[in-house]
Amino acid sequence: MAGQRLLMKGTEAIAEAAIRAGCHHFFGYPITPQTEIPEYMSVRLPPLGGTYLQAESEVAAINMLYGAGGAGVRVMTSSSSPGVALMSEGFSYLVGAEVPAVIVNIMRGGPGLGNIAPAQGDYLEMTRGFGHGDMHAIVLAPSTVQEAVDVMGLAFDLADEYRNPVVVIGDGLLGQMMEPVSFPDTEPKVFDKPWATTGKAKSRPRNITNSLYLDADQLEAHVRDLDVKFQRMDVEQRAECWMTDDHPEIVIVAYGTMARIAKTAIRQLRAKGLSVGLYRPITAWPFPSRALEPLVEPTRAFLTVEMSLGQLVQDIRAQVGRRRPVSFYGRAGGVVPTVEEIISQVELLHASLAAA
Amino acid sequence: MIEPLATDEKVVFERTEVLTDHALHYCPGCTHGIAHRLIAEVIEEMDIQDRTIGVCPVGCSVLAYQYFDVDIQQAAHGRAPAVATGIRRVLPPDRYVFTYQGDGDLASIGMGEILHAANRGEKITVIFLNNAIYGMTGGQMAPTTLPGQKTTTSPFGRDTAQTGHPIRMCEMLNTLVEPVLIARGSLSSPKGINRAKKLIRQAFELQHQGFTFVELLSTCPTGWGITPTDAVKWLDRNMTPFFPLQVFREPGAMPDASHKYAPDLKVRDEA
Ligand code: SF4
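Taken in order, these protein sequences are the chains called A and B.
Going by the numbering used here, the first sequence opens with residue 1, and the numbers climb by one from there.
Going by the numbering used here, the second sequence opens with residue 1001, and the numbers climb by one from there.
Isolated chain B, as found in the complex (with noise of 0.2 Å):
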């Protein structure tokens, strides 16, 4: 018989209400499941349950939309940032509105959407799982694959002279003017999780001000074809050199938008 509390006995942990009791569908060793839990953390610690509509994307977070106990809508692939929009554009401001996208849907189909909801500077956040690999699909190249990285569509590993390199997108999106944040962390370890925690935690609470990417370096143990222990390890040696955990945009270091030159903007019928 399972003994009650006994009274003078302090709850440390609770889950999250904001999760739903759906048993999550990914891997063992998968970090999904924990950025989906940092994520909840932060909406509830913030209690914005009630005003937060959550836009989920395809890959193997397809079912994310199970899992968070908020509004949410299920995108075509690649289309979260468009779909966010369309929400954030017509529902009362006071609302934080989140995508969840992986690096085939981001940082492949779906790069027109979010280069220009950035470049908009949507009131959203972006939360950008990137693992180097299509992890859904069964282990396909990525955009974000590593040089050398076998794949399945890669069996010799990526071959950079025929596929390129990997997409660095928080650095590409720092190219813009509009977003108010734009950072990388990494699932790799506690510590790491905890920078991730707060960087999400920053990210919603400066979606009112504009557009916001946290970018969180994940292990596909499946997709890698290693165990959760090593990926964690691989993670740390070959994708962080690479992808610099760093906070590449904050308030406080925004770009000068004062434009230096003074274009002659009459056309039409003031000319």
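Chain A on its own, in the form it takes in the complex (with noise of 0.2 Å):
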């Protein structure tokens, strides 16, 4: 089916391209909104000789992951939110034994129980790194189902090369639409791990999976040393500039759905005149500042848009600064700002820059 296009939803086209990025591996526990990529899984790893394995836990199922990221597959979970947090001691395990793997995490309303419907309050927990420890980990944030496909042929890739591990986040509307989506035609890249734990052959030393060093300076000479990894990553800055060639009055900061429904609100906006474009991070981590910055100065004001109380825009007033008037609404606990509501936000802030 490759190159052809499918009408898919998001968290089985997720599934899909996992599997098609070469993770033949899955291992899950069950939570609302992302079921269905877990019993996906179920269904297409066995008969590929791969594995399909529901865990007792999150806390169980992101160690499974380390070990078998630790013995060299490509290897995956997906959770939801509460399931997420569960698996923040393991996260920092593999960051700190540098083990690749891929976590999807498709959020909903918080704190505790919250609620089963889409947010986007784990922004902040998952883009400071997630894990106790000097840490990071690439955090990438697709809005159509299509990109979604995209992304996690990307993630797999971004783990192997960093050997760290990479997070996708999504919400439940992402993970339910139907869209068409087509898969990449290429065979997924393969990368030498000669540091996994696969039984050691006579002709070398063992390998070793560890994030103990008891040693004071041994442990600050190994986080410098990820630190330096982490630096690097500055380059996997992603990020979409939507209708700003013509330096809008206003740009509208949004990613993952929310961008989505910013997208139909500009539309609307620039029917009614208005001058309005997109800044849409696709990297939550590391925070695309290299696309933000031109944007910087020809903008009046800002308005940062998402479901959770005012996370993302924390990055953007940070890059901003006093330059510019960077303004917020958000919806929390599972309500989702409607096109209407981001329209009057834009006509307020409009009518606020013409009387100024």
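Hints are computed from structural coordinates only; laboratory data are not their basis.
Please note: incorrect hints may appear among the correct ones.
As the list claims (entries may be wrong) - Below are the DMTMM-like pairs computed for lysine to aspartate or glutamate, each with C-alpha atoms no more than 20 Å apart in a straight line:
| # | chain 1 | residue 1 | chain 2 | residue 2 |
| --- | --- | --- | --- | --- |
| 1 | A | Lys-193 | A | Asp-225 |
| 2 | A | Lys-202 | B | Asp-1094 |
| 3 | B | Lys-1191 | B | Asp-1230 |
| 4 | B | Lys-1197 | B | Glu-1045 |
| 5 | A | Lys-272 | A | Asp-246 |
| 6 | A | Lys-202 | B | Asp-1230 |
| 7 | A | Lys-189 | A | Glu-161 |
| 8 | A | Lys-202 | B | Glu-1017 |
| 9 | A | Lys-193 | A | Asp-157 |
| 10 | A | Lys-202 | B | Glu-1041 |
| 11 | A | Lys-202 | B | Asp-1021 |
| 12 | A | Lys-229 | A | Asp-217 |
| 13 | A | Lys-193 | A | Glu-98 |
| 14 | A | Lys-202 | B | Asp-1050 |
| 15 | A | Lys-272 | A | Glu-249 |
| 16 | A | Lys-202 | B | Glu-1044 |
| 17 | A | Lys-202 | B | Asp-1047 |
| 18 | A | Lys-229 | A | Asp-157 |
| 19 | B | Lys-1198 | B | Glu-1045 |
| 20 | A | Lys-263 | A | Glu-179 |
| 21 | A | Lys-263 | A | Glu-161 |
| 22 | B | Lys-1197 | B | Glu-1009 |
| 23 | B | Lys-1197 | B | Glu-1014 |
| 24 | B | Lys-1197 | B | Glu-1250 |
| 25 | B | Lys-1197 | B | Glu-1017 |
| 26 | A | Lys-193 | B | Asp-1021 |
| 27 | A | Lys-202 | A | Asp-217 |
Two chains, two frames, some hints: make the complex.
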């Protein structure tokens, strides 16, 4: 079916894209709203000779990823906010021991048990290292089903390239949405993994998957090495600037599902004669500052819109500083800002700029 | 000057090559070193060093990865059976995967992982060192601490009314259908050590048939606050009566898994 366009649900497209990226091993625990991913894997992987295993908990699942990733295979799990939170210890071990793996977080309303409605409340949790210790991981935030397919392949490549886990964040809307998608024709990249614990051949010293360094100087050296790697990841910044070529007066900032809704609002605002564009981070970490920078000067004001109460906006304010006003509009608890709400926010902002 | 060996002298003992030259960090009189050597000897005797992947825990044996000369992973506290599951499920079936865990790691924080790995019948060998105390953190109460036993967090002796009785892991795992070997040995005497080695060997040999579990009663003279010689006596006198040295499960003594009930399995689309 390569090349051909298929109508697929977000969650199933994510699963299929992972398989085509060479991931034949999945460990996970059911949680709404992403359970179609494990369900899909449980059908597809066994005939491929791969592994689908329902773990006893998210804690076990992430540690199964550690074992499997350490043994050198492409491996993933998927979960949703509270389940992902349970994985944070194991995630830190993956980073510390430099084990590649991919974790999909289909975010839902929080805090606590919250609800199962779509939300973006895990942005800060995911982008600030998501685990104890000095650490980071690349976070990809697709906004369409096709883009979700594309970033899954990228996620596995980046995980192997940097020997670091990669996170893909979405929300229940993206997961449930059906859209036409096409899968890449290319064979998955194969990375050499001489460090994997596959059984010590007589010809080489043993391989150790480990994050323990009892000696403070040794641990500092290790953390500094990791930090150099995190800095190298800066080249992976990705963002979309949409309808910004004509230097709009207002730039909306949004990612994931929220960016789709913002695009609809922008089309309608432009039809009304307002000058509006979109800046959309695709890598939530590293934060795509290079794409934002050229927008700061020509833009009169920014409006960040989120399905959370002001998380992404912190990164925007940190970069824009006092150069331009950055306003914010967000809903939480699984309530999604509507096209109308965004339009009225932009109109208010436009009016205040006109009055100024 | 050291005289070379006369040619008619016979080498009667050599250290196993499956242990590295790294000096062990364990306290004098601790039985961890013995357990390490038994496992390493079994790996050498079975000639599976190149096909063995170990998983070590958090606890006194957190540094075990330095000692075994095999590919090895260091796991988060209690999660070794999950890590081993990940390794076992993705590597070729001729590999041998073992975990090495203490009682705090396996019977407390890692209880969920060990039970479910056993219940799935993961084809791994778990070596469980039970010394009735948390050694690494300095002698706190463990899930296997005996009633009345004093530790730094049960200074008046373990009060079973507050903290329950010690957990018997072998007996608990023996309620499950899948495991193929569940046995408890002791490292308190040469005889016990020989028997322990046989159990470890049996576990590795049966590993490709299913889940194998060997508990080894062990000493922690430091945590117990007594001499190594008193520690082995203390183990025999106090631990063995509560943790009987038995083979609970082995091929030929498997539970009846033929389910005497006939569930109506028609659900969803078949119904
Ligand atoms: S504290 Fe106990 S278990 Fe740990 S190394 Fe010392 S004697 Fe052995």
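Status of the hints after comparison with the structure:
{"no.": "1", "hint": "Lys-193/A to Asp-225/A", "in the structure": "19 Å, holds"}
{"no.": "2", "hint": "Lys-202/A to Asp-1094/B", "in the structure": "16 Å, holds"}
{"no.": "3", "hint": "Lys-1191/B to Asp-1230/B", "in the structure": "17 Å, holds"}
{"no.": "4", "hint": "Lys-1197/B to Glu-1045/B", "in the structure": "11 Å, holds"}
{"no.": "5", "hint": "Lys-272/A to Asp-246/A", "in the structure": "16 Å, holds"}
{"no.": "6", "hint": "Lys-202/A to Asp-1230/B", "in the structure": "42 Å, violated"}
{"no.": "7", "hint": "Lys-189/A to Glu-161/A", "in the structure": "10 Å, holds"}
{"no.": "8", "hint": "Lys-202/A to Glu-1017/B", "in the structure": "12 Å, holds"}
{"no.": "9", "hint": "Lys-193/A to Asp-157/A", "in the structure": "13 Å, holds"}
{"no.": "10", "hint": "Lys-202/A to Glu-1041/B", "in the structure": "17 Å, holds"}
{"no.": "11", "hint": "Lys-202/A to Asp-1021/B", "in the structure": "17 Å, holds"}
{"no.": "12", "hint": "Lys-229/A to Asp-217/A", "in the structure": "19 Å, holds"}
{"no.": "13", "hint": "Lys-193/A to Glu-98/A", "in the structure": "12 Å, holds"}
{"no.": "14", "hint": "Lys-202/A to Asp-1050/B", "in the structure": "7 Å, holds"}
{"no.": "15", "hint": "Lys-272/A to Glu-249/A", "in the structure": "14 Å, holds"}
{"no.": "16", "hint": "Lys-202/A to Glu-1044/B", "in the structure": "13 Å, holds"}
{"no.": "17", "hint": "Lys-202/A to Asp-1047/B", "in the structure": "12 Å, holds"}
{"no.": "18", "hint": "Lys-229/A to Asp-157/A", "in the structure": "15 Å, holds"}
{"no.": "19", "hint": "Lys-1198/B to Glu-1045/B", "in the structure": "12 Å, holds"}
{"no.": "20", "hint": "Lys-263/A to Glu-179/A", "in the structure": "17 Å, holds"}
{"no.": "21", "hint": "Lys-263/A to Glu-161/A", "in the structure": "33 Å, violated"}
{"no.": "22", "hint": "Lys-1197/B to Glu-1009/B", "in the structure": "27 Å, violated"}
{"no.": "23", "hint": "Lys-1197/B to Glu-1014/B", "in the structure": "17 Å, holds"}
{"no.": "24", "hint": "Lys-1197/B to Glu-1250/B", "in the structure": "16 Å, holds"}
{"no.": "25", "hint": "Lys-1197/B to Glu-1017/B", "in the structure": "17 Å, holds"}
{"no.": "26", "hint": "Lys-193/A to Asp-1021/B", "in the structure": "26 Å, violated"}
{"no.": "27", "hint": "Lys-202/A to Asp-217/A", "in the structure": "32 Å, violated"}
The earlier numbered hints that this structure contradicts are 6, 21, 22, 26, 27.
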